[in-house]
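Fit chain B with the ligands to the given chain A structure using the hints.
Note that the protein sequences, when read in sequence, are chains A and B.
Quick note on the UniProt record's numbering: the first sequence kicks off at 1 and runs consecutively.
Quick note on the UniProt record's numbering: the second sequence kicks off at 1 and runs consecutively.
What the hints contain is simulated information worked out from the structure, not anything from laboratory work.
Predicted, not measured: the structure shown is a model, and the values here were computed from it.
Please note that a few of the clues may not be correct.
Think about it this way: if two alpha-carbon atoms lie no more than 30 Å apart in a straight line, the pair counts; the simulated DSSO-like pairs of lysine-lysine are [unchecked claim]:
hint, chain 1, residue 1, chain 2, residue 2
1, B, K495, B, K539
2, B, K495, B, K425
3, A, K50, A, K66
4, B, K417, B, K539
5, A, K66, B, K195
6, A, K66, B, K528
7, B, K285, A, K69
8, B, K285, B, K343
9, B, K195, A, K69
10, B, K539, B, K285
11, A, K66, B, K285
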Amino acid sequence: MEHTKKHPGYTTYILVWLALLVFTSITVTIAGIDLGKYTLLIAMFIAAIKSALVINIFMHIKFEEKIFKVFIFLSGMTLLIIFILTFSDFLFR
Amino acid sequence: MANTIAENYLHQSTNKYKGILSWLLTTDHKKIGLLYFVSILFFFLVGAIIGLLMRLELIAPGRTIMGPQTYNTLFTLHGVIMIFLFIVPGLPAIFGNFFLPIQIGARDVAFPRLNLLSWYVYMVGAILALVSLFLPGGPIDTGWTFYIPYSIRTNTNVSLAIFAAFVLGFSSILTGINFITTVHRLRAPGMTFFKMPLFVWATYATAWIQIIATPVIGITILLVIIERAFGVGIFDPALGGDPILYQHLFWIYSHPAVYIMILPAMGVVSEIIPTFSRRTIFGYKAIAMSSLAIAFIGYLVWAHHMFTSGMSDTARWVFSLLTFIVALPSGVKIFNWVATMYKGSIDPQPPFLWVMSFIFLFSIGGLTGLVLGSLATDIHVHDTYFVVAHFHYVMFGGTGTIFFGALHYWFPKMFGKMYNIKLSKIAVALFFIGFNMLYFPKFILGYMGMPRRYYDYLPQFEPLQKVSTVGSWILVGTIFFIVGYFIHALIKGKKATSNPWGGVTLEWHIPSPPIQENFEVIPTITHKPYDFSQLKEMKNE
Ligand code: HEM
Ligand SMILES: [Cu+2]
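Isolated chain A (complex conformation) (with noise of 0.2 Å):
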């Protein structure tokens, strides 16, 4: 498999994780915080965000074969339909 472009060096790498942690303190932090139906919801986005850098960078997808990112891709989709259909439920109950 030909690599085309450059992997980040040490330096992204930790800056990722530090960021990663970041996130973790705040989702934590907001879990305190009554913040009603918003709580879920700034959970999930910060959790997307998380996910998006742990697979861009630390997954390496970034710099792969476009057709891991279509794959990557429609399993993203996927899990956010069932996510959608989950709530079908639990908005309505």
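This is chain B with the ligands only, laid out in the frame that chain A set:
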């Protein structure tokens, strides 16, 4: 095409060992397929005997041969064994492993060692499940669905048993990764996606479900174990958890899993029908695409198992509606198969008879599935024997029947021996009779109100329960009869030719049994997969 013993894969080793170690350390996809075959067949027979024992308990009302707690344990074990050890891995791990690489003209799967690892992971999972039976606390009694809150509160060995299911999931994922990579990277020259046999298409679609859906059950199982060990309130309402969330997570995996079970079987059907009709498959692309469509829509219908769970009304009608959509791609397949046979020159050999039996049984299973998918009727028959009948018709009548169909189709290729055709035709008939006697009364019993998972019943159910038990004797007897004539064929069977049925996909171009690397020279593919005009040139090969 004579085949000396030295060339035959069964007598060759991929490592420096001979005898048992040459098997246990093999990286040959065919030998790994056989390792799976022996282990899966063993667990299937154990599961069948447990089924037989349950039916024996139900031959008369009241306590017959076991008490309620034993019955609870037995239906749980039966379900866990049949689902996680037999039907989910079954066709892909045995026949997918053996034939997927051959059918696309490859010498092996993309990751042969990972392939062997997946068998070991499977065995570790099976052993963990076995160990959980004998530890203090006693064997698991929750049913194969492990529903909350009971599975949190019972003192039986739930954690270890479900951890076994977790491990088995990894084996499934590894197989899936291997097959997808193999299909993308190792196709022979000229083998475009739309020249691949339909069994490959089906196994490929299955592999995607294995990869995407299995992690969900893995995580769910870990959450249950954490909740049991540390009392974290995730699912148990007494701790502030949400028990319906458990059901969602469980079925987000387990509904797609039913397509892991049935898609490869549909793939085998799409192989057998053209071969025995001497006619190219009708609607090749429609069948291939419907596999992908089923794989995808299969993700969207899981909550039809939860209509009575207390989820929202909105979710109830949404999922009921979506469920009806899955019937479409399944219908596409059935109609294309029937159209293939139309004006074909049909040769009713055993594999074809198994397929006929499949179409009949699976259609009953599928149509009663629509009864369960409709919100209103499901409320009446939910958690009754109607459901038990339905899922045995789809899983056992569908995939189980094709397990035997595939075995009768490919046995000569796998072992180079032919079994007794006459006996096997009798077996199909006996199987069909036993099967319907065993399970059809359960539809009626369920409709009359017989609940599932009970070791006892009201007197009015007795006649039909008795019919069902007698059916179980015929069915399980037939299964052992089949195993018997296959063993006989292995020892004393006549040598099989390289193409006993007149098939045209690649496995029929090579000797029976194949050589270790499948092909002396990797073939270049010029024909469509079911082009029977090849048969003439093949005779001269
Ligand atoms: C070989 C002959 C078989 C017999 C005699 C048999 C019989 C039974 C019986 C009596 C039950 C319990 C019904 C109840 O009390 O609710 C049951 C449950 C079940 N069977 Fe079978 N069965 C057989 C084969 C299979 C196969 C091949 C599969 C799957 C492919 C299967 C999957 C299941 C499942 C998932 C359950 C539900 C377990 C639970 O409630 O947790 N069975 N079977
Ligand atoms: Cu389902």
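Given the hint that B/K195 pairs with A/K69, does the C-alpha gap stay at or below 30 Å? Between B/K195 and A/K69 the Cα gap is close to 25 Å, so the pair holds against 30 Å.
**OP:** Decide if the proposed pair is consistent with the structure: B/K539 and B/K285, CA atoms, cutoff 30 Å inclusive.
**Re:** 28 Å, holds
Is the straight-line distance between the alpha-carbon of B/K285 and that of A/K69 30 Å or less? 25 Å, holds
- Query: Taking 30 Å as the top limit, are the C-alpha atoms of A/K66 and B/K195 close enough?
  - Reply: Holds. A/K66 to B/K195 sits at ~24 Å (cutoff 30 Å).
Fill in: Hint consistency between B/K495 and B/K539 [alpha-carbon to alpha-carbon, up to 30 Å]
OK: B/K495 and B/K539 at ~18 Å, within 30 Å.
Sort out whether B/K285 lies within 30 Å of A/K66, counting only the CA atoms. 25 Å, holds
| query | Straight-line Cα separation of B/K495 and B/K425 no greater than 30 Å? | reply | 20 Å, holds
| Keeping to a limit of 30 Å between CA atoms, is the pair of B/K417 and B/K539 held or broken? | Within the cut-off at roughly 20 Å; holds.
Quiz item: Given the proposed pairing of A/K66 with B/K528, does the C-alpha separation stay at or below 30 Å?
Solution: Given pair A/K66, B/K528 holds - Cα atoms ~29 Å apart, limit 30 Å.
Check the hint pairing A/K50 with A/K66 against an upper bound of 30 Å on the C-alpha distance. 22 Å, holds
Check your understanding: Is it true that the CA of B/K285 sits at most 30 Å from the CA of B/K343?
Key -> Within the cut-off at roughly 20 Å; holds.
When each numbered hint is compared with the structure, no violation occurs for any of them.
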